[in-house]
Each structure stands twice: as structure tokens, then as C-alpha cells.
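Asks: Residue numbers (the numbering used here), protein chains in the order written: chain W, 15 to 145; chain V, 15 to 145; chain F, 15 to 145.
Quick caveat, the hints were computed from the structure, so don't treat them as lab data.
Glycine included, C-beta positions come from ideal geometry on N, C-alpha and C.
A portion of the hints provided could be inaccurate.
Stated by the list, open to error - Simulated coverage check for chain W against chain V, where a stretch passes if three residues somewhere in it have a Cβ under 8 Å from a Cβ of chain V:
1) 71 to 77
2) 115 to 125
As the list claims (entries may be wrong) - Some chain W residues close to chain F (C-beta under 8 Å, calculated; not the full set):
3) V50
4) H55
5) T56
6) W139
7) K141
8) M143
Single-letter residue listing:
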Amino acid sequence: MFKLKIDTTRQQEFIEITNQIEKLIKESKTKDGICVIHCPHTTAGLLINEDADPAVRKDILGQLEKLIPQNNNYLHLEGNSHAHIKSSLLSSNLTLIIENFNLVLGRWQGIYFCEFDGPREREVWVKTMQT
Amino acid sequence: MFKLKIDTTRQQEFIEITNQIEKLIKESKTKDGICVIHCPHTTAGLLINEDADPAVRKDILGQLEKLIPQNNNYLHLEGNSHAHIKSSLLSSNLTLIIENFNLVLGRWQGIYFCEFDGPREREVWVKTMQT
Amino acid sequence: MFKLKIDTTRQQEFIEITNQIEKLIKESKTKDGICVIHCPHTTAGLLINEDADPAVRKDILGQLEKLIPQNNNYLHLEGNSHAHIKSSLLSSNLTLIIENFNLVLGRWQGIYFCEFDGPREREVWVKTMQT
Numbered sequence: 015m016f017k018l019k020i021d022t023t024r025q026q027e028f029i030e031i032t033n034q035i036e037k038l039i040k041e042s043k044t045k046d047g048i049c050v051i052h053c054p055h056t057t058a059g060l061l062i063n064e065d066a067d068p069a070v071r072k073d074i075l076g077q078l079e080k081l082i083p084q085n086n087n088y089l090h091l092e093g094n095s096h097a098h099i100k101s102s103l104l105s106s107n108l109t110l111i112i113e114n115f116n117l118v119l120g121r122w123q124g125i126y127f128c129e130f131d132g133p134r135e136r137e138v139w140v141k142t143m144q145t
Numbered sequence: 015m016f017k018l019k020i021d022t023t024r025q026q027e028f029i030e031i032t033n034q035i036e037k038l039i040k041e042s043k044t045k046d047g048i049c050v051i052h053c054p055h056t057t058a059g060l061l062i063n064e065d066a067d068p069a070v071r072k073d074i075l076g077q078l079e080k081l082i083p084q085n086n087n088y089l090h091l092e093g094n095s096h097a098h099i100k101s102s103l104l105s106s107n108l109t110l111i112i113e114n115f116n117l118v119l120g121r122w123q124g125i126y127f128c129e130f131d132g133p134r135e136r137e138v139w140v141k142t143m144q145t
Numbered sequence: 015m016f017k018l019k020i021d022t023t024r025q026q027e028f029i030e031i032t033n034q035i036e037k038l039i040k041e042s043k044t045k046d047g048i049c050v051i052h053c054p055h056t057t058a059g060l061l062i063n064e065d066a067d068p069a070v071r072k073d074i075l076g077q078l079e080k081l082i083p084q085n086n087n088y089l090h091l092e093g094n095s096h097a098h099i100k101s102s103l104l105s106s107n108l109t110l111i112i113e114n115f116n117l118v119l120g121r122w123q124g125i126y127f128c129e130f131d132g133p134r135e136r137e138v139w140v141k142t143m144q145t
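Start from the sequences, fold in the hints, and give me the full structure.
Replies: Shown next, in the form of C-alpha cells:
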């Protein structure tokens, strides 16, 4: 298992990690198989979506905030219930395909670490499986 | 990796692909293992849910539209931010169990390709791993 | 494939299954690999989130109920459309990492079976893959 360190810089933001994941896959020398990406945090998540126009990520974050506002009379007293709920609606783990030593993604897809309770030092864990 | 072609015919619809996935698994001759299904698009997603009453899919699509309306002052100017957001809340990949050459699903479960920005020519990528 | 039985006791609740999953992984004698957890139902789902303060789960359930109310003029006549929609927004399957015979989770993470249409006798299916 590889551990990727991610330092987030804002309270809520999406940080692209596609290049770091691809680099880890190269280093793993997995020719053909799959790659499991796990987010070990409960106020952050993972997302695959468009990596071209940054407005797309802003719209996703903005709509999540409308649906799950930060202040909303939550029971949990740490003030970050919204972050737990948002990360519950995204993914805590992804399973991606590796072919010919490469991560296989669609033309417009990027992998994002989604911070909802930052800034913090975060990690993403990655494991490859050879066919 | 197998590529499954899907032609969607509406702007938003759920198309059942269970039979095609099962056929690919048979062709792969994977006796026992797992199957990763990847949606390479950023305005469509994957979902496992009821395949009996079609009203269930209409209710899921209808509630997603209420929560994430098509017109909502989004920043992304292509007019399909709602589709990026909806697909972010569903899955871009699924990992399913294969036993005795068969996909293992619950009695009422079907696999759906969820189009949110159609009609388009789409694909789903499938990879099997033998234990 | 292992089958884990879960008896839910309320209409909607999150039941922690981390210990049972860990026990199954020990029994499988998988030293290093992955574990696929599949929910075979269409009105229940799976979630990884905080296992410390129970208020977090109440907030997640409460906000899901605000966004997807039980009574909402749905088309499906069985009265459980809300449960299909809620489970669609969570996960029907998870893929987790196994290292040195142990499930690898973050410090605050627990695995939850999320019942939205109980009480019922439910199952979760678990398959491990050795690297």
C-alpha cells in the first residue's frame, strides 16, 4: 500500500490528484489489473469528474453547500457535520482499471481529493492488484 | 478490458445494462473473482437499484432533478453543470462479485447506466479479475 | 463469498458492521489484498464514516430525510421510493484494502449498513481477493 500526502489549503476545495496516482501506479510496476484508492478521513472524500473547466468543480461544491449548509442545527457539536454528510454522498473509495502500466480514465476525467473540513494534512491510500 | 457501447436516446434516462455485463462476464471465462465497471464520462454515472417497477427509476431521476435543477445559475457555461453534479452523487465505478462464472446480484438489483446529458454515444468499460 | 446476516430493528438506521467484516477477513486468511462488500438490497446501502460520536450518523440520516422526504408524491406505489433514492446516493458496494490480515481503515472510520426501509432481515456479501 502506498500513502499519498495531501496538504489542503482551504476549508472546502477539490484538489486534483490524478498525476500523483498515475505516478504511484508506474512505481508499482502493475502491468494489468486494478487500483484501489481509499480516503481514510470522514470529512473528506474522493470524486472522479471533469478536469477541464474549473467552474465545474465550483458548481459541484456550490450545489453541495446549498443542499447541505454548514450551519443547519446539526446535533454533532464539532461544527463539521456538513463535512461528514458531504463526504458520505461522494466516495470513500474508488476502484480503477490499469492496462499496460497505465491508469485507464475517460478523456475528460480527473481524480479529486475533496476537502470539506480543512485546511489539514490529509492522506490517500493506494493499493494495486495485478491480474 | 471490454468496452460496452451504449447509445442513449434522451437527455436524461437510466438504461439497464445488467444483461450486457453478464454476457461480458461469461465471455471473460472468469470463474471466481470480481468485475470492475467504469463509466468514462463526466456527465453520466452508474447505479445499482431496483429493476422491477420502472417508477422507481423515474422517482430517482425526478428527485435528483428537484435537488439539482438544470437551470440554477451555475458558473460552467456549457449548460450541463447539473449533469456533472448528478453524476458526482452516483458512482463512476462499481466493483461486483463473480461466482461460478456468474455476476452475483441481489434478487431485485439491476445495473443502470445513468445518462444526464444525452442523447449521446456512450461507453462502459469492464475488467474482470480472477481470484 | 461470505454472507453476513443483519437484522435491522428500525425503519431507518445505520448499523455498524466493522467488527463483523474484520472477523470475516480474519477467517478468510487473506494476508494481503482487497475485500469487496456488496449490499444486495435496493432500499439499503453501505457507508464508511465516523464511528465515534453517534450524533454524526443522526445528522447524516436527518439531512437525507430533509433532502429526500418519505412523503413526496412519488410515482412508485409501495411507499418506499425515498429508501430507493437514499440508497442510490450512498454506495451499494465498497472495496477495501487488506494488509497483514487486517482491514485497513482510517482512525475514525467505521463501516455502516444503512437501513432505509426496515425493520427487515438483511444481508451483506463479502469477497476477498489475495494479491
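Asks: Compare the structure with each hint and give your call.
Replies: Consistency of the hints with the structure:
1. Using a Cβ-Cβ cut-off of 8 Å, 5 residues of the region 71 to 77 of chain W lie near chain V, which meets the minimum of three, so the contact claim holds.
2. A count of 6 residues in the region 115 to 125 of chain W with a Cβ less than 8 Å from any Cβ of chain V is obtained; the coverage claim is therefore met, three being the minimum.
3. The interface hint given for V50/W is met, as the beta carbon of that residue sits about 5 Å from the closest beta carbon of chain F, less than 8 Å.
4. A hinted interface residue such as H55/W counts as satisfied when its beta carbon comes closer than 8 Å to some beta carbon of chain F; here the least separation is about 6 Å, so the hint holds.
5. The restraint placing T56/W at the interface with chain F holds, with a minimum CB-CB distance near 4 Å, inside the 8 Å limit.
6. The beta carbon of W139/W is positioned within 8 Å of a beta carbon in chain F (closest approach about 6 Å), and the interface hint is therefore held.
7. Against a cut-off of 8 Å between C-beta atoms, the interface hint on K141/W holds, since the closest Cβ of chain F lies about 5 Å away.
8. Given the 8 Å rule on beta carbons, the hint for M143/W holds: about 6 Å separates it from the nearest Cβ of chain F.
Checked against the numbered hints above, the structure violates none of them.
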